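J.: For reference, the chains in residue letters:
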Amino acid sequence: MKGLTTQRLGVLFIAFALILQYPLLRPSDSTELVAGVPRLYLHVLLGWLLLIGLIALVMADKHRRSKEQE
Amino acid sequence: MNTALVIGASFGYLALLFGIAWWAEQRGRTKRSLVSNPWTYALSLAVYCTAWTYYGSVGRASVSGIEFAAIYIGPSLLAPLWYTVLRKLIRISKMQRISSIADLVSARYGSSSWLGGLVTVFSIIGIIPYISIQLKAVGTSFDLITTAPELLRAAPLLTDTTFYLTLGLAAFIILFGTRTLDATERHEGLVTAIAFESVVKLVAFLTVGLFVTYGLFNGFGDLFGRATERPELQRLFTLSGDGGPVRWSALILLSMMAFLLLPRQFQVAVVENLNERHTHKAMWIFPLYLLLINLFVLPIAFAGRLLLDPGVDADTYVLSLPLANGANGLALLTYLGGFSAATGMIIVATIALSTMLSNNLLMPLLLSLPAYRERGVQPKGALLLAVRRAGIVLILVLAYVYFRTVSSAAPLVSVGLVSFAAVAQFAPAVFGGIYWKRANRHGAVIGLVLGFAVWAFTLVVPGLIRSGLISPDLATHGLFGLEALKPHLLFGDLGFDPLTHAVFWSLLLNTAGFVLGALTFTQSSKERNQAEVFVDVFKYARAYESSIVWKGTAQTSELRRLLANFIETARAERALEQFARRNGIDLASDSADPRLVTYVERVLSGIIGAASARIMVSNVVKEEEIRLEEVFDILRGSQQLMALNKELRRKSEELDHLTQELRRVNEDLRRSDELKDEFLYTVTHELRTPLTSIRALSEILHDNPDIDEEQRQQFLATMVRETERLSRLIEQVLDLEKLESGKQKLNEGTVHLPTLVEEAVDSVGQLLRDKGISIQVDVQRNMRPILGDGDRIEQVMINLLGNAVKFCPEQGGRITVSCYYVDGEVKVHVTDNGPGVEPAIRKLIFDKFFQARQQHQRRNTSGSGLGLAICRNIVVLHGGRIWVESNGEQGARFSFTLPALSPKDQPEQA
Numbered sequence: 000m001k002g003l004t005t006q007r008l009g010v011l012f013i014a015f016a017l018i019l020q021y022p023l024l025r026p027s028d029s030t031e032l033v034a035g036v037p038r039l040y041l042h043v044l045l046g047w048l049l050l051i052g053l054i055a056l057v058m059a060d061k062h063r064r065s066k067e068q069e
Numbered sequence: 000m001n002t003a004l005v006i007g008a009s010f011g012y013l014a015l016l017f018g019i020a021w022w023a024e025q026r027g028r029t030k031r032s033l034v035s036n037p038w039t040y041a042l043s044l045a046v047y048c049t050a051w052t053y054y055g056s057v058g059r060a061s062v063s064g065i066e067f068a069a070i071y072i073g074p075s076l077l078a079p080l081w082y083t084v085l086r087k088l089i090r091i092s093k094m095q096r097i098s099s100i101a102d103l104v105s106a107r108y109g110s111s112s113w114l115g116g117l118v119t120v121f122s123i124i125g126i127i128p129y130i131s132i133q134l135k136a137v138g139t140s141f142d143l144i145t146t147a148p149e150l151l152r153a154a155p156l157l158t159d160t161t162f163y164l165t166l167g168l169a170a171f172i173i174l175f176g177t178r179t180l181d182a183t184e185r186h187e188g189l190v191t192a193i194a195f196e197s198v199v200k201l202v203a204f205l206t207v208g209l210f211v212t213y214g215l216f217n218g219f220g221d222l223f224g225r226a227t228e229r230p231e232l233q234r235l236f237t238l239s240g241d242g243g244p245v246r247w248s249a250l251i252l253l254s255m256m257a258f259l260l261l262p263r264q265f266q267v268a269v270v271e272n273l274n275e276r277h278t279h280k281a282m283w284i285f286p287l288y289l290l291l292i293n294l295f296v297l298p299i300a301f302a303g304r305l306l307l308d309p310g311v312d313a314d315t316y317v318l319s320l321p322l323a324n325g326a327n328g329l330a331l332l333t334y335l336g337g338f339s340a341a342t343g344m345i346i347v348a349t350i351a352l353s354t355m356l357s358n359n360l361l362m363p364l365l366l367s368l369p370a371y372r373e374r375g376v377q378p379k380g381a382l383l384l385a386v387r388r389a390g391i392v393l394i395l396v397l398a399y400v401y402f403r404t405v406s407s408a409a410p411l412v413s414v415g416l417v418s419f420a421a422v423a424q425f426a427p428a429v430f431g432g433i434y435w436k437r438a439n440r441h442g443a444v445i446g447l448v449l450g451f452a453v454w455a456f457t458l459v460v461p462g463l464i465r466s467g468l469i470s471p472d473l474a475t476h477g478l479f480g481l482e483a484l485k486p487h488l489l490f491g492d493l494g495f496d497p498l499t500h501a502v503f504w505s506l507l508l509n510t511a512g513f514v515l516g517a518l519t520f521t522q523s524s525k526e527r528n529q530a531e532v533f534v535d536v537f538k539y540a541r542a543y544e545s546s547i548v549w550k551g552t553a554q555t556s557e558l559r560r561l562l563a564n565f566i567e568t569a570r571a572e573r574a575l576e577q578f579a580r581r582n583g584i585d586l587a588s589d590s591a592d593p594r595l596v597t598y599v600e601r602v603l604s605g606i607i608g609a610a611s612a613r614i615m616v617s618n619v620v621k622e623e624e625i626r627l628e629e630v631f632d633i634l635r636g637s638q639q640l641m642a643l644n645k646e647l648r649r650k651s652e653e654l655d656h657l658t659q660e661l662r663r664v665n666e667d668l669r670r671s672d673e674l675k676d677e678f679l680y681t682v683t684h685e686l687r688t689p690l691t692s693i694r695a696l697s698e699i700l701h702d703n704p705d706i707d708e709e710q711r712q713q714f715l716a717t718m719v720r721e722t723e724r725l726s727r728l729i730e731q732v733l734d735l736e737k738l739e740s741g742k743q744k745l746n747e748g749t750v751h752l753p754t755l756v757e758e759a760v761d762s763v764g765q766l767l768r769d770k771g772i773s774i775q776v777d778v779q780r781n782m783r784p785i786l787g788d789g790d791r792i793e794q795v796m797i798n799l800l801g802n803a804v805k806f807c808p809e810q811g812g813r814i815t816v817s818c819y820y821v822d823g824e825v826k827v828h829v830t831d832n833g834p835g836v837e838p839a840i841r842k843l844i845f846d847k848f849f850q851a852r853q854q855h856q857r858r859n860t861s862g863s864g865l866g867l868a869i870c871r872n873i874v875v876l877h878g879g880r881i882w883v884e885s886n887g888e889q890g891a892r893f894s895f896t897l898p899a900l901s902p903k904d905q906p907e908q909a
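Sequence order for the protein chains is A and B. Heads up: the first sequence is residues 0 to 69, going by numbering that gives the first Met the number 0. Heads up: the second sequence is residues 0 to 909, going by numbering that gives the first Met the number 0.
These are calculated hints, taken from the structure and not from any lab test. Be careful, since some hints might not be right.
Said to hold, decoys possible - Once the Cα atoms are required to be at most 27 Å apart in a straight line, the calculated DSSO-like pairs of lysine-lysine come out as:
id, chain 1, residue 1, chain 2, residue 2
1, B, LYS826, B, LYS842
2, B, LYS645, A, LYS66
3, B, LYS842, A, LYS66
Since the structure is predicted, the reported quantities are computational estimates derived from the model, not experimental observations.
Make a model of the complete structure from these sequences and hints.
T.: Right, here's the structure in full:
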């Protein structure tokens, strides 16, 4: 079970290391405004938020599973 | 704003910090610790956000857009890896009582005082400018808010507020940071104060952000919309500044390393960590904090560019915007937020550096003095405390002097990044050390020296050239006139910006030196031990304490004396006794157990650092070289012992399980024995009743020959009836016994159930007519036959019908019999309109003698109480089921099913 959490977190790291850097940032790297906010800023902000949310989910699940095991 | 007010607020705030720290320490002694929760832990990690974040980010964002955020994306991105990396660092540090990053490096590479000293010196060189920019930020913001332009830096020492602030911080740090000698002990008060500071700076920054975005503009849309109208601002929407995407990635990488390797981060994340589990929650709380504190950086930066005079320093926008709009209260809050960001960093960084300075540089130096080395004098704890306090003062003085003299015009972020690049040089030694067993001292030294040389040459030298301290010839012609050795273009132009260029070359050469060194040279035995224990920390964590990874001779009294120098004698004695008891060591013998030696060294490490502890212990013991094979044998031995223990525990659990099983079986046996007794008792009782009456009647007849004929006939009839009852009972008991023991074989043949049912009804026909009971028979004619014993099934039918007759009311009795085929089985119902069967006893009535046991409740006592038990046995033997349903007073319905033959089993019957 410990292995699963490590693997999930590892995948998160790799995925977001890609999402938050070039070349995946490139399509958003323009002066265009989306909902009044520069597209690049929005991309980074939402990616960041999503990362935090997913970490919280993975850890909550780990917590739940270790509770169940007890 | 009134200068006195601002000074009052600053020192009032500092006093508040003292109060909080003091309160937390008091509370920690009596109640549940304030520090022991993931929120405080996450907030203390936020010491990562300094004045650089608070003022500098906006300054940076105003010229290069979102690039500043990379510094916060890095640690956020790293958060998922805390689960492996940070946890490992924490585990190692707790096990080895490591107190700083220098101590970690020194301990890993065989308690090398060389390496510890090197890391300490590099840390101090790298971090002092970083501390000084915090002082600068406080000074600048103070000037700005009191509108005393350029007054501060020219002011003489005694009228400089920053000077008093530095003094106040020194007092705070000495008071709460050097409470105990043990550097690995937690500083509760201090950590609580830092967490509080993190809240203050976040609240203050969010307030300014909201004020600017919604007070000065109509939200984000309005603000960015207006920025779009200015091309030089619109340019900031993209990553196309100097360096662009490459710099963005370099900053992310750099900040990831800095987050773990900065001395102050190591202090709060590893040394002050109370519980590994706190990292689990902090793993998302901390990135969320980073996101929130950066949310308004861009809006404030654009607002500054849009609204303020171009001459205003962008690093001060956070404060200038409220001031320019007359929001003085808000400005004061903002100032205090920046103040808290700066002081938090100064406090933790100073503690971390002073621990390093005393334990990894000054103490080892002191111990190598002839007085200590040759004459056997041992330094005392008081000396260590004095050294550490002097270290704190020294660091703060250096930072202050740097601020007053050099205090470069360089923006906050640039100075901070140079520090980041400096600590990033520890990465190969640290991460290589905890993941690669071959990594050794030589590689680490080579890597570190190379890395720092390149760092200094590419990042520090250009600054010195700019300030005129070094001739610009170096920049144009290169070192020694070699084109390839230009500070900003080392080995030719790779198209990097200066920072990326420096990080790339320094880390590349550092890592190369580290790896080549590790592959070329061999490890010492102590290093091998440590390599094994560091890399496999999760495997050895428990085996470690009881493992002897040391060989030689030592005297217990010497070890005692050594410890007593730094810990009160009573406490030292207690610690030794506890350890001895845990590991079964005899303290009375004067030749010390090798485990005791390692233990003492580890305790000392926590106090004076790994390298100093090594020196001190080796002074009092006679050591022998221990071979690698021996180390492995010992560690493996402990491992095996643990595995054996585990196996033993498993076996004992199994035994427990079996015992329980046995107990259960025994209980069953006892119950069936009881049942047998009960059965015997009931049978004898049932037999005695008719016997008694027969005997009584026959005695009357015998003793009274003149009894009249009518009476005699009546007595004889009763006797015959009772005898019949007796023999029926005996028959039934035998029958039941045969059925239950499985001795009774069914005389199987194909049986056509409808016919059998009708025959059974016919056989009780007379009885029905006598009692005036009406019967209705409803059978399905053409159904499949069953395989069974016809006589036995008829016995069941007759028994059920007999029961129905027995329970029918005296008048208007009615019985229904139905028989039909459904789903592969034949179902038979016998329904009466008697009193019904209560739900509680619906299952029990099929038990032996159930009726007998219920006699006192039943009006009808005829029958043995074995009939239904026999029925159940017969039906079950045929593979069917029997049960009763009853709807209150509406009578009872007894049903049984028998499996029908499938068509292919009975072709000739069809």
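J.: Which of the listed hints are not met by the structure?
T.: 3
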